[in-house]
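Chain order of the listed sequences is A, B and C.
Start counting the first sequence at 3; every next residue gets the next number (my numbering).
Start counting the second sequence at 4; every next residue gets the next number (my numbering).
Start counting the third sequence at 17; every next residue gets the next number (my numbering).
Everything labelled a hint here was simulated from the structure, so no lab data went into it.
One or more of the hints may lead you astray.
What the hints assert, rightly or not - Computed footprint of chain B on chain C, listed as stretches where at least three residues anywhere in the stretch have a Cβ under 8 Å from a Cβ of chain B:
| hint | region |
| --- | --- |
| 1 | 62–73 |
| 2 | 84–97 |
| 3 | 100–107 |
Claimed, not checked - What follows is a list of derived Cβ distance ranges for each label pair:
| hint | chain 1 | residue 1 | chain 2 | residue 2 | range |
| --- | --- | --- | --- | --- | --- |
| 4 | C | Ile110 | A | Lys359 | 53 to 59 Å |
| 5 | B | Ala64 | C | Arg100 | 46 to 52 Å |
| 6 | B | Asn86 | A | Ile247 | 49 to 55 Å |
| 7 | C | Glu86 | A | Asp360 | 33 to 39 Å |
| 8 | C | Arg100 | B | Gly66 | 50 to 56 Å |
| 9 | C | Arg100 | A | Glu303 | 51 to 57 Å |
| 10 | C | Ser41 | B | Asp58 | 55 to 61 Å |
| 11 | B | Asn338 | C | Asn87 | 44 to 50 Å |
| 12 | A | Arg173 | C | Glu86 | 35 to 41 Å |
Quantities reported herein were computed from a predicted structural model and do not represent experimental measurements.
Even for Gly, the Cβ is constructed at its ideal location relative to N, Cα and C.
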Amino acid sequence: MNWEAIIGLEIHVQLHTNSKIFSGASTAFGAEPNTQASAVDLGLPGVLPVVNEAVYPKAVAFGLSIGADISRLSVFDRKNYFYPDLPKGYQITQMDKPIVLGGSVQISLDGGTLKEIRITRAHLEEDAGKSLHDEFPSNTGIDLNRAGIPLLEIVSEPDMRTAKEAVAYARYIHQLVTYLGVSDGNMSEGSLRCDANVSIRPMGGTKMGTRTETKNVNSFKFLENAINFEITRQRDVLESGGHIIQETRLYDPDRDETRSMRSKETAMDYRYFPEPDLLPIAIDDEYILDIKSKMPELPREKSERFESDYEISKADADILVSDPAIADYFEAVTKICSDGKLVANWVRVELLGKINKDSIENKAIPVSAEELGKLLNRIKDQTISGKIAKDILNILWSSPMVNVDDYINENELKQVSNTSSLEPLIEEVLKQNPKQVEQFRQGKTKVVGYFVGQIMEKTSGKANPQQVNQLVLKKLT
Amino acid sequence: MMHNESITEQLHALKIGKYSSKELTENYLYRIKKLKDLNCYISVLEESALRAATDADQARAKGKAGLLSGIPIAHKDIFCTKNVSTTAGSKMLHNYIAPFDATVVAKIAAAGAVTIGKTNMDEFAMGSSNETSYFGPVKNPWDTSRVPGGSSGGSAAAVAAGLCSAATGTDTGGSIRQPAAHCGITGLKPTYGRISRWGMIAFASSLDQAGPMTRTAEDAALMLALMAGNDPKDSTCIGDDVPTYLEYLNSSLDGSCIGICEDFFTDGLEAKSEQVIQEAIKIFEHLGAKIKSIKLPHIRYSVPAYYVIAPAEASTNLSRYDGVRFGHRCKDPENLNDLFKRSRSEGFGNEVKRRIMVGAFTLSAGYYDAYYRQAQQIRRLIKNDFQQAFKEVDFLIGPTAPQTAFQLGEKTDSQIEMYLQDIYTIAGNLAGLPAMSIPVGFSSKLPVGLQLIGNYLQEGTILSAAHQYQKRTDWHKCVPVLAINKVQP
Amino acid sequence: MKIEDYIVENIAELTQLKFSPGELSSIGNKMSEILELVEDMQTVDTTGVEPMSNPLDATQILRPDIATSENRRDVYQRSAPETRDGLYLVPKVID
Chain A
3 MNWEAIIGLE IHVQLHTNSK IFSGASTAFG AEPNTQASAV DLGLPGVLPV VNEAVYPKAV
63 AFGLSIGADI SRLSVFDRKN YFYPDLPKGY QITQMDKPIV LGGSVQISLD GGTLKEIRIT
123 RAHLEEDAGK SLHDEFPSNT GIDLNRAGIP LLEIVSEPDM RTAKEAVAYA RYIHQLVTYL
183 GVSDGNMSEG SLRCDANVSI RPMGGTKMGT RTETKNVNSF KFLENAINFE ITRQRDVLES
243 GGHIIQETRL YDPDRDETRS MRSKETAMDY RYFPEPDLLP IAIDDEYILD IKSKMPELPR
303 EKSERFESDY EISKADADIL VSDPAIADYF EAVTKICSDG KLVANWVRVE LLGKINKDSI
363 ENKAIPVSAE ELGKLLNRIK DQTISGKIAK DILNILWSSP MVNVDDYINE NELKQVSNTS
423 SLEPLIEEVL KQNPKQVEQF RQGKTKVVGY FVGQIMEKTS GKANPQQVNQ LVLKKLT
Chain B
4 MMHNESITEQ LHALKIGKYS SKELTENYLY RIKKLKDLNC YISVLEESAL RAATDADQAR
64 AKGKAGLLSG IPIAHKDIFC TKNVSTTAGS KMLHNYIAPF DATVVAKIAA AGAVTIGKTN
124 MDEFAMGSSN ETSYFGPVKN PWDTSRVPGG SSGGSAAAVA AGLCSAATGT DTGGSIRQPA
184 AHCGITGLKP TYGRISRWGM IAFASSLDQA GPMTRTAEDA ALMLALMAGN DPKDSTCIGD
244 DVPTYLEYLN SSLDGSCIGI CEDFFTDGLE AKSEQVIQEA IKIFEHLGAK IKSIKLPHIR
304 YSVPAYYVIA PAEASTNLSR YDGVRFGHRC KDPENLNDLF KRSRSEGFGN EVKRRIMVGA
364 FTLSAGYYDA YYRQAQQIRR LIKNDFQQAF KEVDFLIGPT APQTAFQLGE KTDSQIEMYL
424 QDIYTIAGNL AGLPAMSIPV GFSSKLPVGL QLIGNYLQEG TILSAAHQYQ KRTDWHKCVP
484 VLAINKVQP
Chain C
17 MKIEDYIVEN IAELTQLKFS PGELSSIGNK MSEILELVED MQTVDTTGVE PMSNPLDATQ
77 ILRPDIATSE NRRDVYQRSA PETRDGLYLV PKVID
């Protein structure tokens with residue numbers, strides 16, 4: 003039988019703020035355990051929450067970016083359950099009156115078609131702490147530094163049908179929240195975490211199957227693996243006559259499998275009710291308009307603008323806008339070197355290649371846009387060859403203080419392009435390689451490349467390869 | 004005798020050098036020891052109190068006295084006090100040392116007061132007799148075979164017995180007013196949000212409110228002015244300026260209109276208490292007030308609404324006591340589940356467990372709308388009734404409690420009878436209105452309290468009415484025999 | 017309303033409280049008593065009445081986004097039952 007998967011995602015985005023959502027504790031990543039857990043975060047007797055003003059504009063900006071309704075009055079609720087890393091025995095979240103309702107995003111599928119994914123809601127809540135199971139032989143350690151970090155939980159409709167679609171959607175949300183400055187988007191620090199709701203049904207069916215919720219999926223690769231594992235598992239169960247149990251499952255990246263979470267086995271009754279320690283939060287049209295006026299250009303708009311302004315391909319534009327740091331860098335380089343195509347090519351191939359190789363943050367490109375622009379201008383005005391430019395880029399990468407023009411002058415890297423100095427060299431090379439000259443005469447025109455290579459070597463790459471090519475041909479014919 | 008004087012009188016004595024704060028504090032500390040059997044205090048802060056008293060005397064000598072300089076104040080053990088044991092009357096917190104001061108504690112200390120100790124209370128403020136305390140019941144100074152009321156029973160008894168100048172209390176359903184009535188003192192629960200809840204261990208967040216427990220309305224006005232005011236640490240705290248309540252006190256009742264609601268005089272009200280209340284009403288008439296009968300159609304749903312909302316909020320407020328970060332932890336837990344369950348079951352007393360269970364039930368799937376939501380809707384109807392009434396009257400009066408202090412153990416087996424002790428006080432909490440109790444006479448040698456309920460933020464109105472009454476009468480000056488026995492150091 | 021034993025057990029599980037069989041039935045009775053006390057409330061017509069979350073119908077004041085809390089781990093862990101290397105300890109949790 004052919005099966006169809008029905009996938010919905012709950013994406014938890016950590017909001018980029020200085021302090022926590024309900025306390026004045028720092029949100030900085032990587033501190034010693036429990037040194038950033040304040041009395042409020044620990045839920046000590048007598049403490050009370052107060053809402054951080056920075057979380058609302060971020061949630062509203064996200065809502066506006068997906069065309070959602072923004073609640074003029076939103077309410078925090080308590081979600082009650084016991085877990086050692088949930089200090090108060092309840093999580094403060096938004097159940098009945100979330101800040102963002104509805105909206106949708108368009109994701110690009112293979113082959114360039116677009117698909118709409120509807121968003122049910124997005125609400126503000128506090129993160130829980132971390133349970134460390136591997137630190138001690140017979141204990142679990144609790145670190146509450148993460149407790150109270152502001153989260154925006156984005157809940158999609160079950161509109162995705164494949165793991166690839168789910169990944170495309172998650173990537174899009176990641177891009178969007180990074181663009182909006184809502185989150186730092188740092189996946190390795192847990193800034194974006196997914197829960198995947200997966201069920202399957204016979205292809206073309208209309209009834210929903212029983213779904214499972216897979217938690218703890220912290221990278222796009224794991225998301226794809228976890229969903230694919232779950233689809234296969236459910237198919238195997240159903241095809242062997244079994245039935246799916248509605249349950250919470252945990253993705254284990256080490257074994258690349260999902261497994262039932264025993265601790266969540268008992269059906270949960272969260273006993274939601276309005277948080278009496280907080281009051282409803284009212285925002286007006288003016289507040290929303292103000293946020294709207296400050297919203298940055300979104301990835302799709304930016305990509306279209308890049309295509310038309312810089313005359314680059316859609317594929318190039320999409321890659322460049324995938325991260326706002328890269329997009330900004332690209333535009334900064336074009337301010338110096340106006341050849342959009344050349345800049346796009348260099349940023350996409352050379353720069354992103356180096357970023358990937360060194361696994362550095364996109365924000366942390368060591369070469370300034372200005373120097374790269376100057377370097378590319380030197381290619382354009384034929385001062386240096388592309389090969390030399392790549393060498394200089396390597397130098398710049400490790401020594402960011404180097405000035406491109408000074409470096410070219412000091413190291414005599416200027417391209418040799420006057421015919422008179424090249425001609426003697428060419429004659430010399432032809433003389434030294436009679437065998438290859440003979441091959442050319444017999445019709446093996448490809449051998450020209452060999453001569454060009456020899457001359458490039460003799461000039462330490464400073465010759466213009468096209469010019470050399472022409473001169474060689476002229477000499478031989 | 005200095006220990007029975009009002010704060011106002013004591014401040015005057017300190018000012019003219021009749022006695023020092025150190026002497027006053029020593030006197031109270033000595034009396035606390037002598038009258039230990041009343042069990043008013045969970046902890047007595049002898050050393051730090053004497054130090055603070057000496058500091059206050061020095062400050063006064065330098066002309067730098069604060070508004071409460073040198074006055075020994077006791078705090079209900081529900082208020083966090085930095086580096087001092089804070090138990091909420093529970094085994095769960097019997098070893099808990101608070102790492103910060105409640106806003107109320109900090110404000111009172113900043114005015115120069117001496118924190119003399121932490122008073123006994125019903126466990127997590129759940130009770131009307133002070134019998135649910137892990138630290139044992141408090142005895143009523145008027146008759147030590149009787150309860151002082153609750154939950155702020157320790158504070159009420161301490162003030163009545165002359166074991167502090169004044170005390171703080173908290174009131175979720177009557178926990179300041181009912182013990183004040185039973186102990187013959189003045190107790191004020193302000194408008195919800197008038198005083199910060201930061202550092203006050205939560206029972207039911209939307210009902211809890213701190214307030215002063217004093218000998219006179221004047222003292223209550225003085226204390227309230229210090230305790231009230233905006234606090235950025237409490238989202239539900241009211242930002243409005245704090246009036247100078249003392250200035251209100253001498254406004255005449257002439258031409259004012261007082262509401263009487265027949266629902267406050269139901270069958271459950273003890274006959275002798277009713278008589279005392281009726282006599283007090285006559286005094287208010289003599290003072291120039293007009294009495295008007297008013298209707299509060301939904302007030303009879305106060306008890307149901309309260310016994311849904313308070314346990315529901317309590318059930319989740321008390322989830323943080325899980326044996327992980329602070330508080331009681333069971334011995335040798337087998338696993339996580341065992342840790343949670345045994346720590347909580349050993350740490351909480353029966354009444355607390357019952358309320359957690361009922362509260363969780365009313366919030367559980369399928370019951371929320373019929374219980375919690377319905378109760379919150381009824382709350383609005385009750386509020387609307389009061390708002391309607393306040394169009395016609397300036398404030399309302401009636402009994403604080405249906406009866407005077409009962410025998411220790413008399414109602415411990417009858418849960419519902421105990422709950423009905425709050426029948427007249429809980430509407431004030433549900434609507435969030437300011438309300439106070441003042442002593443207006445005796446029934447069989449036990450004090451009877453009169454309740455005054457004002458409109459939002461009109462604490463000044465009821466304080467002034469109470470003060471006018473106290474200028475005309477001496478009931479507030481009556482003290483139990485053990486408070487006049489000469490126990491001097 | 018009489019609360020059945022299995023409901024009492026379920027609520028005990030949700031609230032992480034432990035009762036002996038004897039306590040369980042006694043607490044069930046007490047709960048039923050309280051629910052009887054509040055039953056009267058169900059007769060009130062509250063159609064269209066907005067639940068009251070705050071007496072003054074106030075709305076939330078927001079806090080500036082400034083990290084103000086200093087590290088007070090040692091003080092906070094003074095009252096902790098069991099800690100090691102700055103972590104709170106609980107029996108091993110197996111998922």
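Hint check results:
no.: 1; hint: 62–73; verdict: holds (count 9)
no.: 2; hint: 84–97; verdict: holds (count 7)
no.: 3; hint: 100–107; verdict: holds (count 3)
no.: 4; hint: C/Ile110 with A/Lys359: 53 to 59 Å; verdict: violated, 40 Å
no.: 5; hint: B/Ala64 with C/Arg100: 46 to 52 Å; verdict: holds, 51 Å
no.: 6; hint: B/Asn86 with A/Ile247: 49 to 55 Å; verdict: holds, 52 Å
no.: 7; hint: C/Glu86 with A/Asp360: 33 to 39 Å; verdict: holds, 36 Å
no.: 8; hint: C/Arg100 with B/Gly66: 50 to 56 Å; verdict: holds, 53 Å
no.: 9; hint: C/Arg100 with A/Glu303: 51 to 57 Å; verdict: holds, 52 Å
no.: 10; hint: C/Ser41 with B/Asp58: 55 to 61 Å; verdict: holds, 57 Å
no.: 11; hint: B/Asn338 with C/Asn87: 44 to 50 Å; verdict: violated, 31 Å
no.: 12; hint: A/Arg173 with C/Glu86: 35 to 41 Å; verdict: holds, 39 Å
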